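Colleague: These are the residues of each chain, in order.
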Amino acid sequence: MDCSLVRTLVRRYCAGEENWVDSRTIYVGHREPPPGADAYIPQRYPDNRIVSSKYTFWNFIPKNLFEQFRRIANFYFLIIFLVQLIIDTPTSPVTSGLPLFFVITVTAIKQGYEDWLRHKADNAMNQCSVHFIQHGKLVRKQSRKLRVGDIVMVKEDETFPCDLVFLSSSRGDGTCHVTTASLDGESSHKTHYAVQDTKGFHTEEDIDGLHATIECEQPQPDLYKFVGRINVYNDLNDPVVRPLGSENLLLRGATLKNTEKIFGVAIYTGMETKMALNYQSKSQKRSAVEKSMNVFLIVYLCILISKALINTVLKYVWQSEPFRDEPWYNQKTESERQRNLFLRAFTDFLAFMVLFNYIIPVSMYVTVEMQKFFGSYFITWDEEMFDEDTGEGPVVNTSDLNEELGQVEYVFTDKTGTLTENNMEFKECCIEGHVYVPHAVCNGQVLPDASGIDMIDSSPGVSGREREELFFRAICLCHTIQVKDDDEVDGPRKSPDSGKSCVYISSSPDEVALVEGVQRLGFTFLRLKNNYMEILNRDNAIERFELLEILSFDSVRRRMSVIVKSATGEIYLFCKGADSSIFPQVIEGRVDQIRARVEHSAVEGLRTLCVAYKRLIQEEYEGVRKLLQAAKMALQDREKKLAEAYEQIEKDLILLGATAVEDRLQEKAADTIEALQKAGIKVWVLTGDKMETAAATCYACKLFRRNTQLLELTTKKIEEQSLHDVLFELSKTVLRCSGGLTRDNFSGLSADVHDYGLIIDGAALSLIMKPQEDGSSSNYREVFLEICRNCSAVLCCRMAPLQKAQVHAPCPLSLASDWGIVKLIKLSKEHPITLAIGDGANDVSMILEAHVGVGVVGKEGRQAARNSDYAIPKFKHLKKMLLVHGHLYYVRISELVQYFFYKNVCFIFPQFLYQFFCGFSQQTLYDTAYLTLYNISFTSLPILLYSLVEQHVGIDTLRRDPSLYRDVTKNALLRWRVFIYWTFLGVFDALVFFFGAYFMFENTTVTSNGQIFGNWTFGTLVFTVMVFTVTLKLALDTHYWTWMNHFVLWGSLLFYVAFSLLWGGVVWPFLSYQRMYYVFIQMLSSGPAWLAIVLLITVSLLPDVLKKVLCQQLWPSATERAQNTCVRWQDHLPELTPLASLQSLHPSAAWPGSHSEQVTSLCWESKEHEAPAHGARLSLSRRHPSWKPCFGGPPSGDG
Amino acid sequence: MTWSAAARGAHQPDNTAFTQQRLPAWQPLLSAGIALPLFFCAGLAFIGLGLGLYYSSNGITELEYDYTGNPGTGNCSVCAEAGQGRAPPPTCSCAWYFSLPELFQGPVYLYYELTNFYQNNRRYGVSRDDEQLSGLPSALRQPANECAPYQFSAAGLPIAPCGAIANSLFNDSFSLWHQRQPDGPYVEVQLDRTGIAWWTDYHVKFRNPPLVNGSLALAFQGTAPPPNWPRPVYELSSDPNNTGFTNQDFVVWMRTAALPTFRKLYARIRQGNYTAGLPRGAYRVNITYNYPVRSFDGHKRLIFSSISWMGGKNPFLGIAYLVVGSLCILTGFVMLVVYIRYQDQNDEDEDEQ
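These protein sequence lines map, in sequence, to chains A and C. This note's numbering puts the first residue of the first sequence at 99, with every later residue one more than the last. This note's numbering puts the first residue of the second sequence at 782, with every later residue one more than the last.
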């Protein structure tokens, strides 16, 4: 073999880090570049095989076992099992081996099945055939054989086999449409662009002749980010360099639509595709219940160890007298005598551990897991959470967090698309201070021939007219909308006005609303074709503008621009963005009038955008072009360089006007927020909107009420006073009345006097977060948190998405200033449970950061829903999700956890007591079968069923009375007090069982024939009483007895009796001992045994019954009152109608008179009937469909 | 997660009572209104039962005698002194004299009681071979390992019955003599030594190995008796139905006791003139003192007890029922007070709401 080849191979395999470079170079079609190009760095790429499965056939058993025993509980039971195998232990290894085996097997089967499904999916994926180009011919081969650098052809409706750089398409303009439904769930079409210099290669032969290299970054999981560079070598040796961005990248998993075929070159394959990278890392969230469960486990582990220690020590103290250690009737073997004392003591300690190990219930984990798995189906099944309009139901992505839904203390909600419908309507625009208000578009129904314009004051004159048209053109041009001219497109957003099949598609609904609004004013955006934007102007003439550059939108700049060249050769830059980001860049225009109008609109809850422009001369444009080109070429820090370039270009603008778009509140959003607040949940609205807009929305959705005292912490205020003063003043205000607040907590109606709402903006927030030189920032943060804690509602406006939660860039030395608001609250000293809800990609960081992330399946795509723990169709479903499902799950699982510990205390404590009466010899009280089956069959099903179907309060009551939620927050049912109560109840019951049986058996016979019972009868009596008590205790706690409960509960008791009869009734040939033979039946033949069973069960249950009745009578919690009411309600239905239900029937009764709210409400109601206030005008404008001046006055202008 | 992100729940859910969590259900509430009558009723019932149990327990008479033979406690101390060492002690007899002023109501049962004897010690409790005791010939030759150190004799023969329990078989024996007239002769009272073990143990669980040539002794050939036994297992009794593993005394002993102080049934007295009980007169119990207990600080007792439907004398159950019954009534009253005092208040609260 050739030596150099070996050396290369060795280098490839061993080089490791040296080979790891920041970028990769790909030869398109494996063609070497002409000599003189950059040195080739050989890199190995994986093949295109996708492996999502965890196991192979061979490694399944070892790997799965390893995975399972990494869980601490399983490992513990494994150790116990091994100890039992090794040393001479009181219980047979079967007792812990069988349950462990059961648990491990069930889990392994489940995981194995899931992995088998994954294998199948992988195989289907890897073996599907792919067309690719080899020597100018089309060849088919299996997808997994694809290599980096291969040129691939994809036909319509096929899925891309790997990440491709888009070379050319069958469409003339080098575009293609793609849906990424299986990637991020968005079914809308996205346009991707072929590389400029290669889009002409249409046939296989052409493409084979392509000579190019691609340099791009190493694969990274961000789906929307890609930087690269392509060098195309034409005949002349100087290569053409082009930037590559995410618009040139076709991702594996996406599907080609509306395009016959495309060619692309593979750059990331197999496990390096963005899709594969995305599925790999998902952090696990743990619920508060799980954490308390683990703490309780540690407590029980300590109890276990101390029990074993106590018994070991006592054993050796007791045995210090030789006649006890080795009486004549019970002598040891020679080897036992010779064993080392310490070894003996250690073995004894282990034996005691084994004896008592059942106190940590192996089946609890299985039951909890099953409860979560099956329980989550009740959410998906819920009909009330199914949205008819979209045909979507709730989706549970993580069933581990079900109970956390009942623990939420803070809700962080995005405004747009979550609280509001994200269904924008163009409301008004203001050009040079003239205001245009449409009337007839309130309910989304737009009228056919609305082409006229009416404005507020007299005609604006010639220059005004020019500006007006410029404004409309600006809106027509400054956007990233695509036009779909065929109707087959999924998820169409039809332009209703056009009447034609003209559909605008955009990631931003605002843009669509604006363009549609302008369309009614006579300017219609027709299409973008070959870099020319065509608009139809008022005179039905087509104007063509060459699109030179798009300075795309980002949330830091909060504006976007386009540079276009008109037919007459003039170059314009149109810029549109938030007022705060436009005004500083403006040097000319009627800034004051427009600002006033913008603020007026904002107060009404409208979303405002400002439009500005500037004219560029050719030289200026050349400069701009170069600047942008340089930034776009950069491989490193491209974003930053682009942002800098944009900043340089978008200045010295001339203000044209402003637009106002309405985003209606979602149905029942106000009702939901009100309910959440009544439930004691603090609602924070985080939005990028202006403060006034956001505040108006907050009033409309009842986040703030009339009597809410608003506290402002805004940049404006901080400019007046120092941050320090503002903060401390606010905290003083809040703390003065905090005494009143606590009292108010207990009354069900929180609409009390001291209700604070805080408004804070992003800038002020970052000031608070920013570490000061003197290190006082933590102090500010504390004061700020203190204020927030006392506010029932907080509105954060003008937030940058990253401020919502900083979860990206997990740099180890992340500064305190990087804390997002969610993290801030999450890590504050009470560690409250937070829930974040949002619908857009910008909410993902917040959703991932919060304890519970809820995604609304919104119009901005499915990114949020995909990354969330739960996805719901509408914001209103959050109410049932938290108040009903969350509450029930929490109650169920906390009872489950407590009950499991309780029943195992009952189980094991008698064993512990028995050691004092059997010479600490580790004698078991119960038979092996009982030890084994207690947790896995005698007492397992009732609690599992309970934890699935229990409703301590009915669903309707929970929904009607949100304040019941307060009874369970802060992990109320798993607090130490409750835990200790349950443990002591267990100890008490154990004492009753044991000593009850003890006194029964002491020195006497209990049969009428004088015969004597032995130790197994003693144990069986204790066990029988225990099984009955523990099951009946659950029956006492069950409030919702369906037929299933009856069946399972009584069935499991019956099963115990039947099993005992059978177990003791037969001489089992496979057993070497027959200790249980006829024991159970003999016991039942004794009258006193029956009497004792009845007595002991009664005594064990008595304290709990007493506690329940007394607590309910003396200190009833809201829940218990509700239970009471419920019962009475059933009795005399007509007499009692709780006020809460009345209120929810008439929500309008409590509405504050905020102006914007009236507007919103009118809009809603106008669907059903005409509201009296606007009614007249509404009907008028329907009859005369035209734009009406807001403040009356004769219609003017050229309609 | 599979690659095809199949969305769960994206279809119209089924509308059944179960999936909507609206199954018809009985929703009981443990309110004071229900609990109060319950407590009173339970209390009354328990007190009634308790009284019955208490009197029925009181009607049972017991007569017991400690014959351990600690110095100065009776004529058994001689034997106790003699048999200080480990078993087998020299055969020694002593007697217990007592007189009954009136009829000891029958049926009368004779028990022996041992204290400080840990039959429930784990190592002791497992030291047996149930297969051997069920007459399995293979187990007869190869006793279970749990029997060690009583698995094989010094000579290497398998021990039958093996194990510590069998080895420590209680081997005191008693005979009861009745003196009808003062200074009259003592007449032996027949002790019925059958029916003292569980029927199932005696008839099913314990079986002798199959006879060899009709002889039990041959069946046990090649085995050794437990070290403490003076004679092999097939000579436990002359009655062919009561020897070998199916000896009633042996079966009784093999049912290990739950607590370190325990009684075992020795005999029933139900024959002849003694069916109704022991008539008045003087009695003597002849005790063959074999079993050493003083080495582990134990006691031996003899007990004559009558039996009712609820077994022997045990006041615990009656007292417990009485106490629990009165507790129920007491808490019932407490709750009644609470109920009356707080009911109005609660109603007011609700009215306010």
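Read the hints as simulated data drawn from the structure, not as lab findings. There's no promise every hint is true.
To be verified - Okay, derived cross-link-like pairs now, SDA-like style, lysine to any residue, Cα gap no bigger than 25 Å in a straight line:
1. Lys1206/A x Leu819/C
2. Lys430/A x Leu819/C
3. Lys1205/A x Pro809/C
4. Lys1206/A x Arg1012/C
5. Lys430/A x Trp1034/C
6. Lys663/A x Leu740/A
To be verified - According to the in silico footprint, chain A covers these stretches of chain C (three or more CB under 8 Å from chain A):
7. 802-808
8. 954-964
9. 1016-1026
10. 1111-1122
As the structure is a prediction and not an experimental result, all values here were calculated from the model. All residues carry an ideal CB built from backbone N, CA and C; glycine is no exception.
Colleague: Now, for every hint given, state plainly whether the structure supports it.
Modeller: Each hint, compared with the structure:
1. Lys1206/A x Leu819/C: Status holds; Cα separation ~14 Å.
2. Lys430/A x Leu819/C: Violated, because 56 Å separates the two Cα atoms, which is more than 25 Å.
3. Lys1205/A x Pro809/C: Status holds; Cα separation ~17 Å.
4. Lys1206/A x Arg1012/C: With a Cα-Cα distance of about 64 Å, the restraint between Lys1206/A and Arg1012/C is violated, given a limit of 25 Å.
5. Lys430/A x Trp1034/C: With a Cα-Cα distance of about 21 Å, the restraint between Lys430/A and Trp1034/C holds, given a limit of 25 Å.
6. Lys663/A x Leu740/A: 22 Å, holds
7. 802-808: holds (count 7)
8. 954-964: violated (count 0)
9. 1016-1026: Since 0 is below three, the answer is violated.
10. 1111-1122: With 4 residues close enough to chain A, the hint holds.
Consistency with the previously given hints fails for numbers 2, 4, 8, 9, ordered from lowest to highest.
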